[in-house]
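Chemist: Chain residues, written in single-letter form:
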Amino acid sequence: MKVQLGTPSEYRKRSRILFMLASTALASCIVAPFIGPTPIQWDTVFDSTRPFNENIDAQIFFIARLPRALAGALVGGALASAGVVLQALLRNPLATPFTLGVSSGASLGALLVIVLGTPIAISALPVVPLASFIGALSAVCIVYGLSRYRRRGLSTTVLLLAGVTLNSLFSAIIMFVQFLADPTQTFQAVRYLMGNLNVSGYSPILWSLPLLIVASCVFAWLPRSLNLLSIGTESAASRGVDVTRTQRMAFLSASLATGAAVSLGGPIGFVGIVVPHMVRLMVGADHRVVLPASAFMGAAFLVICDVAARTLMAPQELPVGVITAMLGGPFFLWMLIRKV
Amino acid sequence: MLRASNIFFGYDTISILRDVTLSASPGQRIGILGPNGAGKTTLLRVLAGLVTPNRGTVQLGTTDLRNLKRGSIAKQLAMVPQETSIEFDYSVLEVALMGRHPHLGALAIEGPDDINLAISALKLTRTNHLSNRSFSTLSGGEKQRVIIASALTQLVAQTVPTNKSSVLLLDEPTASLDLSSQVELLTLLRTLQVQSNHTLIISTHDLNFAIGICDYLVLLREGTVMASGSTHSMLTTANMRNLYNADIEIVRHQPTERLVALLADHRISRSNDQER
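Those protein sequences? They're chains A and B, same order as listed. Using the working numbering, the first residue of the first sequence is number 1, and each one after it goes up by one. Using the working numbering, the first residue of the second sequence is number 1, and each one after it goes up by one.
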């Protein structure tokens, strides 16, 4: 039973869910680093009497596992919220952050660097993430340019078609590059395409953070306009929404978040579609709740999936994309059936 | 006051509206009549500022629509489209509350006042009992009334002085309604007319519906105004046959003294004969 809008109990329910999800996200970031093939103790990690150099537990916690948990939280949060925004923008519940070609652009960028190597000596920079971000950006520019061609506004139909077409075009080029590459490089590339949160240290996180912050600021401004877009662009416009500006900002911010997430963790699938729908089942359709709730839930979901990826076949490590796809695939099918 | 002067509109080489002039004063109930493809919906979209005419101006009060922001247009002018489908699972009350959008700051949340306005609009459109239902589960007529409630919620303003009348545009409101829903809509619009001073502009091809609510008619044919004037002066058998190119008879219903359109489709009109 839904709670009546505007009543104190409704506000309490929504705040409770948001608080619960935020705590889960935070807790998963703290607990996840304690789980792994090498057991570490809470008391030892936070034992301030031992110097850090001699405290192996603390080193494992802060150097090896915490950055990975944080990366998982950022990537999961970014992909889930980008999924929410794109589903609202395209008025299509089956849209994902990767529908509009961002991820295949990013993959192609990363792949070219893996296969061709770095042309100049810029190895001080995180080259693969940078290349994948540039790839994502180019894909976004192409899709955006096409959708504005011959129209003053933004055509979501063209956006969708251009994105899907670009996705398959890029996938074809990716296969071609893989075909030409030697087996080691192909192996590396395939691993990248499965998605992996195995970041080394904090610097990749710090690199992506500014992008994610910009995207989040735009996200904060969007939700009520996204609600109105779901009743149709003309109705939204007659309710006072600047439709073209909203669509443009939604597309660009979601792409920015996706690009940053993919450059950090590779194209990790299904987070961006599974999480928004689970959240909608819990809180209803209002994007002012759905958007932050999805960000928190996406963060917690990916951190937990990554723990599973690290431990299920330990000491072997599964790519986290395999776990999310194994959970997400069946969920996606269930949703499709439910819709019919 | 909403005034459109010498509107020309078209896409590429297709001309849709040619030299259309229309003026609506506060409280007036204008019907835009015409056959399918005459440009009724396009005219409404121009009046709502959703598309900019190639030539001509639309003025709301004394200001050109092009110089107004969407938000300030929306405070005085609301549109009810022919049909509304919603992708996600919004409740009826949430849909009605969407009307408060132009009155709220960027990050503001609806307060108790906004919710009371939405609830009274739902009561007026007799949909309050549905307020917790999901919009997408409603029937066509119920959806229509909820969207009208949302538009009414949008037009209520504490800040705008009451002498500024607001405009409600309805696009083919009866198109997908059965007879009982049509009667309910007619009753609702009449109630609105009594309770508030909204200007109504209704595009329709339903003659009897137009007779039931409109006091002024604009006859639109092939993108131009064929004639316009009071409902009684416009509703003649000759005008209607000319407008729709079909055999229509306007008669006076004796007991009520009201005009009624009869569709006499057993005869084929002369001009159709000639085309064949």
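Don't read these hints as lab results, they were simulated from the structure. Where is the CB? At the ideal position from N, CA and C, for every residue including glycine. One should not assume that every hint holds.
Unchecked claim - Take a look, some chain A residues computed to stay more than 12 Å from chain B by CB distance:
no. : residue
1   : Arg16
2   : Thr49
3   : Gly145
4   : Leu146
5   : Leu226
6   : Pro315
Stated by the list, open to error - Dumping the calculated SDA-like pairs for lysine to any residue here, alpha-carbon to alpha-carbon at most 25 Å:
no. : chain 1 : residue 1 : chain 2 : residue 2
7   : B       : Lys75     : B       : Ala4
8   : B       : Lys69     : A       : Lys13
9   : B       : Lys123    : A       : Trp221
10  : B       : Lys123    : A       : Asp242
11  : A       : Lys13     : B       : Gly111
12  : B       : Lys123    : B       : Ser196
13  : B       : Lys69     : A       : Arg288
14  : B       : Lys69     : A       : Asp242
15  : A       : Lys13     : B       : Ser134
16  : A       : Lys13     : B       : Ala4
17  : B       : Lys123    : A       : Val218
18  : B       : Lys75     : A       : Lys13
19  : A       : Lys13     : B       : His129
20  : B       : Lys75     : A       : Gln59
21  : B       : Lys69     : A       : Tyr202
22  : A       : Lys13     : B       : Ser176
23  : A       : Lys13     : B       : Ser196
Chemist: Holds or violated: are the alpha carbons of B/Lys75 and B/Ala4 at most 25 Å from each other?
Modeler: The hint holds at about 19 Å.
Chemist: Next pair to validate is A/Lys13 with B/Ala4; report whether the Cα-Cα distance is within 25 Å.
Modeler: Answer violated: A/Lys13 to B/Ala4 is near 48 Å, above 25 Å.
Chemist: For the pair we were handed, B/Lys69 and A/Lys13, check the Cα-Cα distance against 25 Å.
Modeler: Violated, because 36 Å separates the two Cα atoms, which is more than 25 Å.
Chemist: The output says A/Leu146 does not contact chain B. Does that hold with a beta carbon cutoff of 12 Å?
Modeler: Fine: 19 Å to the nearest Cβ keeps A/Leu146 off the interface.
Chemist: Please check whether the beta-carbon of A/Pro315 is more than 12 Å away from every beta-carbon in chain B.
Modeler: holds (44 Å)
Chemist: Since A/Arg16 was said not to touch the interface, does its Cβ keep a gap of more than 12 Å from each Cβ of chain B?
Modeler: A/Arg16 clear of chain B: closest Cβ-Cβ about 16 Å, beyond 12 Å.
Chemist: Is the Cβ of A/Thr49 farther than 12 Å from every Cβ of chain B?
Modeler: Per Cβ check, A/Thr49 is outside 12 Å of chain B; nearest 47 Å; holds.
Chemist: Does B/Ser196 sit within 25 Å of B/Lys123, going by the straight-line distance between their CA atoms?
Modeler: Cα-Cα ~15 Å, so holds.
Chemist: Does A/Asp242 sit within 25 Å of B/Lys123, going by the straight-line distance between their CA atoms?
Modeler: Between B/Lys123 and A/Asp242 the Cα gap is close to 29 Å, so the pair fails against 25 Å, i.e. violated.
Chemist: When you check the alpha-carbon spacing of A/Lys13 and B/Ser134, does it fall within 25 Å?
Modeler: holds (19 Å)
Chemist: Confirm or reject: A/Leu226 is not an interface residue toward chain B, with every Cβ-Cβ distance exceeding 12 Å.
Modeler: Not fine: 10 Å to the nearest Cβ puts A/Leu226 too close to chain B.
Chemist: Does B/Lys123 pair with A/Val218 here, judged by a C-alpha cut-off of 25 Å?
Modeler: violated (36 Å)
This entry does not satisfy hints 5, 8, 9, 10, 16, 17, 18, 20, 21, 22, 23, going by the numbered hints stated previously.
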